[in-house]
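Colleague: For reference, the chains in residue letters:
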Amino acid sequence: NAGVTQTPKFQVLKTGQSMTLQCAQDMNHEYMSWYRQDPGMGLRLIHYSVGAGITDQGEVPNGYNVSRSTTEDFPLRLLSAAPSQTSVYFCASSHDRGNQPQHFGDGTRLSIL
Amino acid sequence: SQQGEEDPQALSIQEGENATMNCSYKTSINNLQWYRQNSGRGLVHLILIRSNEREKHSGRLRVTLDTSKKSSSLLITASRAADTASYFCATAQGRSNYKLTFGKGTLLTVNP
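Here the protein sequences line up with chains A and H, keeping their order.
Taking the numbering used here, I'd label the letters of the first sequence as residues 692 to 804.
Taking the numbering used here, I'd label the letters of the second sequence as residues 15 to 126.
Be careful, since some hints might not be right.
What the hints assert, rightly or not - Cross-link-like lysine to aspartate or glutamate pairs, in silico, EDC-like; alpha carbons within 20 Å at most: (1) H:Lys118 with A:Glu750; (2) H:Lys118 with A:Asp797; (3) H:Lys118 with H:Glu29; (4) H:Lys118 with A:Asp729; (5) H:Lys84 with H:Glu67; (6) H:Lys84 with H:Glu69; (7) H:Lys40 with A:Glu750; (8) H:Lys84 with H:Asp21; (9) H:Lys40 with H:Glu29; (10) H:Lys40 with H:Glu67; (11) H:Lys40 with H:Asp80; (12) A:Lys700 with A:Asp797.
Claimed, not checked - Cβ-to-Cβ under 10 Å is the rule here; a few derived chain A residues that face chain H: (13) Tyr739; (14) Gly744; (15) Thr746; (16) His786; (17) His794.
No lab work stands behind these hints, which were simulated from the structure alone.
We put the beta carbon where it would ideally sit given N, CA and C, even for glycine.
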């Protein structure tokens, strides 16, 4: 099993550009989420999904869109990139029943110039 | 807002010593989890402790949970250089036992 796969690993954008960060998992997990990690801030939840067709906002959703058309994929879209969105983005997944650990991808390092 | 806060922010020890990290949180929880992050990598789950549990062990790891004080500790015994990483606590609250809120982490350095 590949686990949680994120692409790309690195990306540089100009202010105002849009892009999609990809996340795929092969563990048939119902729950998927996106976090951003900034120095000294820990991980903050952007958006999450409890199943195909269901998404909800986390702590810092502004400037980001998500959709969940399949169980496996949960892409994160930056609509109009801003320097404040320079960060490391992590996707995670888990089962949504019981007390389950989260499985993380290796992250996408995004710089907005 | 951050639910969990780790203490200390940074810890430097010698190989073979024990390392203790603490986590405090603000609201009632369903479970508390500890994760490790090596430099440049994603988070790896270490251990999960439920709100009705007080102590849990996994290899060289020992986690305690005191819900009356809203705090948890992670003890790593006989540390190794490979334990050098950032350690995060995360809590699940309310109706969700999977939606996590993370602390800011403790950077552990184990010197050979």
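Colleague: Of all the hints numbered above, which does this structure not satisfy? Sort the numbers upward.
Modeller: 3, 9, 14 and 15
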